[in-house]
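Trainee: Every letter in the sequence shown is one number past the one before it in the numbering used here, and letter 56, counting from 1, is 56.
Honestly, the hints are just simulated from the structure, not real lab data.
Values in this document were obtained by computation on a predicted structure and should not be read as measured data.
Don't be surprised by glycine CBs; every beta carbon is placed ideally from N, CA and C.
Misleading hints may appear alongside valid ones.
Computed beta-carbon distance windows for the label pairs [unchecked claim]:
1. Gln79 <-> Thr35: 26 to 36 Å
2. Pro80 <-> Gly33: 24 to 34 Å
3. Asp37 <-> Asp12: 11 to 21 Å
4. Phe52 <-> Arg31: 16 to 26 Å
5. Ile16 <-> Ser49: 26 to 36 Å
6. Pro80 <-> Thr35: 14 to 24 Å
7. Met1 <-> Arg75: 26 to 36 Å
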Amino acid sequence: MATTALFLPGWDEQSIIGHELTGRWFAQLWRNGSTSDPPEEWVNTQTGSTLFGLILGATGVSDVHLETALAEAFRRIPQPGRR
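Working from the sequences, and respecting the hints, build out all of it.
Mentor: The following block contains the structure:
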């Protein structure tokens, strides 16, 4: 499994994005200021492109902010199947 921070405005204090060894992508999302132990939103999918729509629906952030945050995260995290 590999994870990295997801710097999404309003959700950037604790949120992460990652993938499992199977290649399945996920995001664990907490609103800033949240004191919840489990993520407020937890989304997962087989593809990174589907993850975009799921996070967009869960957070309500702008697509431009999400695109920027995901592009930064994808640069930092090793892609599934690569070391």
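Trainee: Indicate, hint by hint, whether the structure satisfies it.
Mentor: Hint-by-hint comparison with the structure:
1. With their beta carbons about 33 Å apart, Gln79 and Thr35 fall inside the hinted range of 26 to 36 Å.
2. Separated by about 32 Å at the C-beta atoms, Pro80 and Gly33 satisfy the suggested range of 24 to 34 Å.
3. For the hinted restraint 11 to 21 Å between Asp37 and Asp12, the CB-CB distance of approximately 18 Å keeps it satisfied.
4. In this structure the supplied range 16 to 26 Å holds for Phe52 paired with Arg31, their Cβ-Cβ distance being about 19 Å.
5. Taking 26 to 36 Å as the suggested C-beta distance range, the pair Ile16 and Ser49 does not conform, at roughly 19 Å.
6. About 32 Å separates the C-beta atoms of Pro80 and Thr35, a value inconsistent with the hinted range of 14 to 24 Å.
7. One distance hint, 26 to 36 Å for the beta-carbon pair Met1 and Arg75, is violated here, with the actual separation near 18 Å.
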